[in-house]
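With chain A's structure known, arrange chain B on it following the hints.
Protein sequence lines correspond, in order, to chains A and B. Counting along the first sequence from 1, when you hit position 189 you're at 189 in the working numbering, and nothing is skipped either side. Counting along the second sequence from 1, when you hit position 133 you're at 133 in the working numbering, and nothing is skipped either side.
Everything labelled a hint here was simulated from the structure, so no lab data went into it. A quick note: this is a predicted structure, and the numbers were derived from the prediction, not measured. All C-beta atoms, glycine included, are put in the ideal place defined by N, C-alpha and C. Certain hints may be false.
[Unchecked claim] Listed below are several chain A residues computed to face chain B (Cβ distance under 7 Å; list not exhaustive):
1. Val4
2. Lys35
3. Leu155
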Amino acid sequence: MPSVSSTIIQAIEAMCEAGEASMGYFYFDFRGTSKQHGRDLVTSLLFQLSAFSDPHCEILSRLYAAHDYGATQPSDEDLTTCLKEMLALSVQCPIYIIIDALDESPDTFGIPCPREQVLQLVKELVELRLPELHICVTSRPESDIRDILGPLTPLSISLQDQSGQKEDIMDYVRSVVDSDSERIMRRWTKEEKDLVIETLSKQAGGM
Amino acid sequence: MGSYNEYLSLAEPRSEKFLKKLIGRNDIEAALSKLDKLTQEEARMATTQVLKVTSSVDERVKVIAENQLRESLRKWLSPPDPSTNHNTACGAHLKGTATWFFQGSIFQRWKSTNSLLWIHGKRAFLICYPADTSRRSSIFQQALGRVYYGSSDLT
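Looking at chain A on its own, in the form it has when it is part of the complex (with noise of 0.2 Å):
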């Protein structure tokens, strides 16, 4: 299933090429270690801005030299408040964070959870109020994640309450088993292949 942040994502890198924007994106996942805590998608965010321009890297070039030039490791406060620099200093273009998937950052271990920290670094960097930066996370309404993001923002779409997201899944479904690659799925009666995909599509829905 094509994600909606992808396609976001999609979008804002055609601005960047336009000169009109720049962007760091993020996709947390559960099948890899290294996507899933928040030094993650801080250090991944950092190298990504650096690339802006030079005085974006400059930034990042001095808590390089300030750690004896790699001997020894940034702490986490060290990372996001070199992040938070690098964000405040686009004043003039906007600069977009798109972080997909955050509940896929585990909530069962750890005081406080790697979810839980990933949460608190996005409401540090909302409440930073900057006004070119604009931050868009997708996730699963789960209640940790609703109680931190809701109160932040008047903007939270819900995927289900959207007929064109309905339609999106239906389409997919439809292309999925309608494919000519499908070996097993060639098999199916038409009657079968039908019921598949109004019953996936009406449960995407939430009917």
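Here is chain B on its own, set in the frame of chain A:
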């Protein structure tokens, strides 16, 4: 010594004469000034060339230094690479997907305000299906397997 002076006294008027002859001649004067001009022009061209080469070398050194710094930073921070997820997500992309989102007002509002946008959705459709006859049930399982395979995430 004496012969040298003698030579000079002889040579002087001769060279004077020669010079007078040359100076008096417009064509030679023009040629000399042209030569002078050409020499200056060549010097300028050479300088420009050197500057050009220097600045291109400078540029290349800068790029090499930047790449080295980036490589050092990568080793130091070992940032995860999200492009692998992005490429997978885009690979499953269908034409027209999410047009509802881009045509709607929320995306525009998000772009025009310094705000957080939270998009949330369930993946319920991946786990609920009717357990009916065995034939039908297996069809659903296969379909879910395929749909889920291409579906890392609904959101």
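Hint-by-hint comparison with the structure:
1. For valine 4 of chain A, the shortest C-beta to C-beta distance to chain B is roughly 5 Å, which falls under 7 Å, so the interface hint holds.
2. Proximity of lysine 35 of chain A to chain B holds as hinted, the smallest CB-CB distance being about 5 Å (cut-off 7 Å).
3. Annotation: interface hint on leucine 155 of chain A holds; nearest CB of chain B at approximately 5 Å, less than 7 Å.
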